[in-house]
Amino acid sequence: MTFVDRYPNAARVAKANLIVAFAALGIGGLFGTVQALHRTDVFRGFITSVQYYDVLTGHGVLLALVFTTFFLAGIYTWGVTRTLEREPENLTFTWSWFWMMTIGTVMAAVAILGGLVPGSSISAAVLYTFYPPLQGHPLFYIGATLLVVGSWLAGWDWFKSYWSWRAEHPDESIPLQTYMTLFTMLMWYLSSIGIALEMVVLLIPWSLGFVQNIDPILPRTLFWYTGHAIVYFWLLPAYFVWYSILPKLSGGRLFSDALTRIVFIFFLLLSTPIGFHHQYADPEIAIGYKMWAVVATLFIVLPSLITAFTVISSMEHGARQRGGSGYFSWMGALPWNRPAFVGCALAGIMFAAGGFSGIINASLNIDMLIHNTIWVPGHFHLTVGTAVALTFMAVTYWLLPQLTGRELKYNKMALAQPYTWFIGMTLMSNAMHREGLAGVPRRTAEPEYTGFAYEAPFGTMAEMKWQIAIGGVILFVSLVMFFVVIVASWRNGEKSGTIDDYLPPALSGPEQSPKILDNMKLWMGIAILLCILAYTLPLAEMVMDGLFYPGAPPSPV
Amino acid sequence: MHIHRFEKIWIGLSLFLIACFIGIVMYGFAVLDLKVPGIEESETVDPLTLHETEFAMPGTRQVGDNKYEVYMVARQFLFMPGTGQPLVLPEGAEVKFHVTSPDVLHGLHLAGTNVNVTVVPGQVSKFTTRFSEPGEYGMICHEYCGPAHHTMEGLIKVVPKSEFDSQYLVDASR
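Here the protein sequences line up with chains A and B, keeping their order. When we follow this note's numbering, the leftmost residue of the first sequence carries the number 1, and every step to the right adds one. When we follow this note's numbering, the leftmost residue of the second sequence carries the number 1001, and every step to the right adds one.
Hints should not be assumed to be uniformly reliable.
[As the list claims (entries may be wrong)] Among chain B residues calculated to face chain A with C-beta under 10 Å, some are:
#1 Met1001
#2 Met1026
#3 Glu1040
#4 Glu1041
#5 Thr1044
#6 Val1099
#7 Thr1113
#8 Asn1114
#9 Gly1146
#10 Ala1148
Because the hints were derived from the structure by calculation, they are not lab data. Predicted model, so just to flag it, every value in this text is computed and none were measured. Built from N, CA and C at the ideal position, the CB exists for glycine as well.
Model the full assembly from the supplied sequences, consistent with the hints where possible.
See the structure below:
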């Protein structure tokens, strides 16, 4: 018996979400390789430099928004179902949020890909930040809004399961995976208000032509109100895997249930009121708000450092169970031959590196050296591009058999895949960081300029260019390997009745966690208060002179 | 709640590390004078009527002894001044920039330096800086601004004080 036998409906929902997630991953990943070759001028034959921005929009939206959201929906459906031991409450409702998200995704994708079709009147080369007055086709904004609203309903679905469970278990602590799901969604409800207001009140009416001009600073600020929390919306499902699954993959048990809950509370409290750190270089945000963002952003390093401790000590526990010993040599006893473990562990290592480059980004005046340079995508290809994406891919090797009842095929290729990703990303990301120090900008089709040359502080410009191009190609090879394994296992994997889906409880279990950690009203209340403190005054200043004033006319792209 | 002793030590060290990071930012402000946009008073301007403002005549004005102000318009896909002809500035002088855009978001980054600001239609980006050595600085638009974004560049040329004269200034009184 495994998950699919016990909960066939939830398994079907989870699989449907994974299919959309992986379709987005495939297209978005292909686009990324095209970009890596284009912007380094290694090969510019796939697209023109104007089309580069359509491809870049597709890459960002499909990977950062679609892949992540659908994977989250899939794995959280699995986690809530198995820990509450109940199928979704109402399948019609469940499938309606899935289809709402999918239709929204297709609409946005049509708008973006339309830009690649010669003579098409539909395009949306607005990048995934879609700052107005750059204007895309209304389909883009409406589709993206449907994706967000669908994700709200998905969260509602998990809350409904929780309330039904709670009625039958009035005194129990919330099971850990459900706890992580619900706290992720509380954070998302609070933070996605910004993007929802931006879309519904400002961008959709404007893109449909009901208003002519738009005041760019207000939508930009609303975007970043949501925009930083979005990165935690991607990251928390990876944390979910590292806390609840990785200890088992290592052969051990989670170190502490209580600290896991505390970490998720931290993310609920601090994810949203720090959006101004994306606007450090903006003129109209007063220095006081930026300073607050520095302090709060650096404090959000704390839950990640606690995570590093908890996850590594859980892995150490696993290694010692497997016969490891010594101060460091226990690491050799970890299951380095199991693809799911290897992917998660390598993702964690890359996340540590990405965390440190993120601390540079967070440090207001130091950030000025690299703000909007290619350093920044160098950073988030370590975080979302590896910590999140590689964890998702790796855990799929462990999860998919439970959802299909079929064993994984091509284990050796599955094992090589995370290592390949790690090598490709090491090449690409280190060079992106260093190019950023020389001032090479992000989001450009041709970073070379006629009037001046860059001076590389470390290495040479040529060496960095080749590392980015070769790294990008290696990442694509890794992606192809992932798809070969997944498609083959899904279709032709050997049917098995003995797929292990057991997850052991924490060493320091929920009975040792104080009740207050489960008090959602309290933590949500504090989180709302922090957002009100951080955002009321600056938003009021922007709104007071008129929602759409001072306005600039649209610039269609 | 039980928290392992090692974990308590780890959390203590983490908090210390975070305090150091915050301290470094503050040290940059207080001692090294590393400033960022947002320190100057914020100012809005109607992007549709820039021709009625100081931005109608972009360029450098002298406002005092060794003090200059530069009014710059960033637009699709050039900096005025800066693109085509370099913007010439004197070494060592205090230069205050005012930058805005009539169309879409742009960025202004002097490659390899910490002069880095977002340019937003409707807002005036202001910052004050000082070029301590003669030389050339590449100006990059670092915020995607449309299909020819990658062509938007300019140059700042810093010359010794003795070589800087009124031909590099605009006469705002005309």
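Structure-based check of each hint:
1. Met1001: holds (5 Å)
2. Met1026: The hint holds - Met1026 of chain B has a Cβ within 10 Å of chain A, the shortest such distance being about 9 Å.
3. Glu1040: holds (8 Å)
4. Glu1041: Given a least distance of 9 Å, the restraint on Glu1041 of chain B holds.
5. Thr1044: holds (5 Å)
6. Val1099: holds (8 Å)
7. Thr1113: holds (7 Å)
8. Asn1114: holds (4 Å)
9. Gly1146: Hint holds; Gly1146 of chain B Cβ to chain A Cβ min 6 Å, cut 10 Å.
10. Ala1148: Because about 8 Å separates Ala1148 of chain B from the closest Cβ in chain A, which is inside the 10 Å limit, the hint holds.
Violated hints for the displayed structure: none, as all numbered hints are satisfied.
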